[in-house]
Every structure is written in C-alpha cells, then in structure tokens.
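**Q** One line per chain: the protein sequences are A and B, in this order. Under our numbering, residues 10 to 121 are what the first sequence spells out, in order. Under our numbering, residues 47 to 160 are what the second sequence spells out, in order.
Just so you know, these hints were derived from the structure itself, not from any lab. Every residue gets a Cβ at the ideal spot worked out from N, C-alpha and C, and that includes glycine. Take these hints with a grain of salt, some might be off.
Over the 10 Å line for every Cβ pair with chain A, so calculated as not near, a few chain B residues [unchecked claim]:
| # | residue |
| --- | --- |
| 1 | Gln-52 |
| 2 | Pro-54 |
| 3 | Arg-66 |
| 4 | Lys-90 |
| 5 | Arg-124 |
Below 27 Å or equal to it, Euclidean Cα-Cα: the simulated DSSO-like pairs (lysine-lysine) are [stated by the list, open to error]:
| # | chain 1 | residue 1 | chain 2 | residue 2 |
| --- | --- | --- | --- | --- |
| 6 | B | Lys-97 | B | Lys-117 |
| 7 | B | Lys-90 | A | Lys-51 |
| 8 | B | Lys-108 | A | Lys-80 |
| 9 | B | Lys-108 | B | Lys-97 |
| 10 | A | Lys-51 | A | Lys-77 |
| 11 | B | Lys-73 | B | Lys-117 |
| 12 | A | Lys-46 | B | Lys-90 |
| 13 | A | Lys-80 | A | Lys-46 |
| 14 | B | Lys-73 | A | Lys-51 |
| 15 | A | Lys-46 | B | Lys-108 |
| 16 | A | Lys-77 | A | Lys-65 |
| 17 | B | Lys-73 | B | Lys-108 |
| 18 | B | Lys-73 | A | Lys-46 |
| 19 | A | Lys-46 | A | Lys-65 |
| 20 | A | Lys-77 | B | Lys-117 |
| 21 | B | Lys-90 | B | Lys-73 |
| 22 | B | Lys-108 | B | Lys-90 |
| 23 | B | Lys-90 | B | Lys-117 |
| 24 | A | Lys-80 | A | Lys-65 |
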Amino acid sequence: GENVGLHLPTLSVQEGDNSIINCAYSNSASDYFIWYKQESGKGPQFIIDIRSNMDKRQGQRVTVLLNKTVKHLSLQIAATQPGDSAVYFCAVNAGNNRKLIWGLGTSLAVNP
Amino acid sequence: NAGVMQNPRHLVRRRGQEARLRCSPMKGHSHVYWYRQLPEEGLKFMVYLQKENIIDESGMPKERFSAEFPKEGPSILRIQQVVRGDSAAYFCASSPGGSNQPQHFGDGTRLSIL
Numbered sequence: 010g011e012n013v014g015l016h017l018p019t020l021s022v023q024e025g026d027n028s029i030i031n032c033a034y035s036n037s038a039s040d041y042f043i044w045y046k047q048e049s050g051k052g053p054q055f056i057i058d059i060r061s062n063m064d065k066r067q068g069q070r071v072t073v074l075l076n077k078t079v080k081h082l083s084l085q086i087a088a089t090q091p092g093d094s095a096v097y098f099c100a101v102n103a104g105n106n107r108k109l110i111w112g113l114g115t116s117l118a119v120n121p
Numbered sequence: 047n048a049g050v051m052q053n054p055r056h057l058v059r060r061r062g063q064e065a066r067l068r069c070s071p072m073k074g075h076s077h078v079y080w081y082r083q084l085p086e087e088g089l090k091f092m093v094y095l096q097k098e099n100i101i102d103e104s105g106m107p108k109e110r111f112s113a114e115f116p117k118e119g120p121s122i123l124r125i126q127q128v129v130r131g132d133s134a135a136y137f138c139a140s141s142p143g144g145s146n147q148p149q150h151f152g153d154g155t156r157l158s159i160l
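All chains, please: the whole structure from these sequences, using the hints.
**A** Laid out in structure tokens, this is it:
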C-alpha cells in the first residue's frame, strides 16, 4: 500500500524567512503530487501540483521540487508571512487511480 | 464561481440515528470524492463517484455507509446507525474530470455522535 509521510510534524519560522516542508512517498507508480494548505475549521486549499514528468514547478512564492529517485517532494515558501500559518499536506495519487493518499501534515507556525 | 458547497457544516446525531451529508460540486465538475479526517490526521479516501456511478469505494466501510451522486442534485454520503467512532470531519472534493487534475475541497461537515 501507499505510505505518505512528512519529515517534521511542526515547523516554526520567523516572518520573512523561507520555509521548506518535506514529504516522502512509497509508490513508484504515483505520477501526480499536490500540496494543500488547511487552516483551522476549513477544507484543504490547493496550493500547487506537479506531475512526474517534471522535477520543479513554481507558483507565487511557492516552489515544489520532486525527486522521483528517492520518492521525495518538498514545498518551499519564500518570505513566509503570518497568513501562511496552517497545516500543510502533501497528497499523492495512487498510480492510475484518482484517489489521493495523504500525509499526516506539517503544522507551520510563523513568528512575527 | 461558487466553490464546493457542503452542508450541514455541523451535524449532531445520537447513536443509532442516520446522518446525511450533502455535497454540491463546483460548477462544471462531474467527479466527486469523499474523505474523512480525524483530528491531527490527514484525510482518508472513502469513495469516488461520477454522475450516477460509483467508480471506487475501496475506502468506504462495507456496512452502514453508502454514497450516491444522482443525475440531478448533490452527492449524498449516508451513514446509518451511527456509532461514536463515526465522529469526524467529512470532506467532499470535486474535479472536472480527466487524469491528474487537482481536487477542490469544501469546508467539510463535522459530525458529532452523542
């Protein structure tokens, strides 16, 4: 079965610093990867995705890196702001199946 | 554009009652997914539906749980004879279809069983 895990359950950063959140997966057939942000009492909010034919993708202040060799992906947030405080989840598709397998989440706390 | 709409936001039931959770997907989306989330955990896949069809229900308990996505109207997740262990947040997501497209989520229904 699929295992998706995050390296750190909590991450505390200073406002303005860069944040890096990591995720490992186990299914080599997975070909689609998504990062979500979840604030308290709300549903997950899509941040950025990447397909397996890429190893890097950039959005506004966010970058996702994918290393298929070691089955690892990361989310980098530039110039972290207090509004970035939330729980961040990586989600991985289970091969050809559209269902998503979710990691446990990393809680990001931004200190002013 | 309205996002994914779930109702009710909070639902309280006594053990043995039935719970019905509703989900209206984003406009133009024909694929619906239901997930369950316990506190401090990630989401667990339950079921994936297209209009009038269940595509994958591998994450849904075989007993007491059912889901539908009729031709008209919202998708319904139904839990019969609820037990305390059913207490959780239930999230619905939708996508337009096609492979490898992001799923967009509603704000969930928080189910509490007394």
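**Q** Now tell me, hint by hint, if it's right for this structure.
**A** Tested hints:
The beta carbon of B:Gln-52 is not kept farther than 10 Å from every beta carbon of chain A, the shortest such distance being approximately 8 Å. Distance check on B:Pro-54: its Cβ is at least 14 Å (rounded) from any Cβ of chain A, clearing the 10 Å threshold; non-interface status holds. Every beta carbon of chain A lies more than 10 Å from that of B:Arg-66, the smallest distance being close to 19 Å; the non-interface claim holds. Listed as outside the interface, B:Lys-90 is inconsistent with that label: its C-beta sits roughly 7 Å from the nearest C-beta of chain A, within the 10 Å cut-off.
Distance check on B:Arg-124: its Cβ is at least 20 Å (rounded) from any Cβ of chain A, clearing the 10 Å threshold; non-interface status holds. Proximity of B:Lys-97 to B:Lys-117 is assessed by CA-CA distance (about 6 Å); at most 27 Å being required, the pair is judged to hold. At most 27 Å may separate the alpha-carbon atoms for a hinted pair to count; B:Lys-90 and A:Lys-51 meet this at roughly 16 Å. For the hint pairing B:Lys-108 with A:Lys-80, the CA-to-CA distance comes to about 33 Å; that exceeds 27 Å, so the pair is violated.
A threshold of 27 Å between alpha carbons decides the hint, and for B:Lys-108 with B:Lys-97 the separation of about 21 Å falls inside it, so the pair holds. For the hint linking A:Lys-51 to A:Lys-77, the alpha-carbon distance of about 31 Å lies beyond 27 Å, and the restraint is violated. Restraint check for B:Lys-73 and B:Lys-117: satisfied, since their Cα atoms lie roughly 14 Å apart, inside the 27 Å limit. Between A:Lys-46 and B:Lys-90, the direct Cα distance comes to roughly 16 Å. Compliance with the 27 Å bound is thereby established for this hinted pair.
Restraint check: the Cα-Cα separation between A:Lys-80 and A:Lys-46 comes to about 21 Å, which is no more than 27 Å; the hinted pair holds. Proposed proximity of B:Lys-73 and A:Lys-51 is supported: the alpha carbons are some 20 Å apart, at most 27 Å. About 31 Å separates the Cα atoms of A:Lys-46 and B:Lys-108, which puts this hinted pair outside 27 Å; it is violated. Note on A:Lys-77 and A:Lys-65: the hinted pairing holds, with a Cα-Cα distance of about 11 Å set against a maximum of 27 Å.
With a CA separation close to 30 Å, the supplied pair B:Lys-73 and B:Lys-108 exceeds the 27 Å bound. Straight-line distance between C-alpha atoms of B:Lys-73 and A:Lys-46 comes to about 22 Å, which keeps the hinted pair within the 27 Å bound. With a CA separation close to 19 Å, the supplied pair A:Lys-46 and A:Lys-65 stays within the 27 Å bound. At most 27 Å may separate the alpha-carbon atoms for a hinted pair to count; A:Lys-77 and B:Lys-117 exceed this at roughly 40 Å.
Note on B:Lys-90 and B:Lys-73: the hinted pairing holds, with a Cα-Cα distance of about 25 Å set against a maximum of 27 Å. Taking the CA atoms of B:Lys-108 and B:Lys-90, the gap is about 15 Å. The hint holds against a cut of 27 Å. The straight-line distance between the Cα atoms of B:Lys-90 and B:Lys-117 is roughly 26 Å, inside the 27 Å bound, and the hint therefore holds. The straight-line distance between the Cα atoms of A:Lys-80 and A:Lys-65 is roughly 14 Å, inside the 27 Å bound, and the hint therefore holds.
When the structure is compared with the earlier hints, violations turn up for hints 1, 4, 8, 10, 15, 17 and 20 and for no others.
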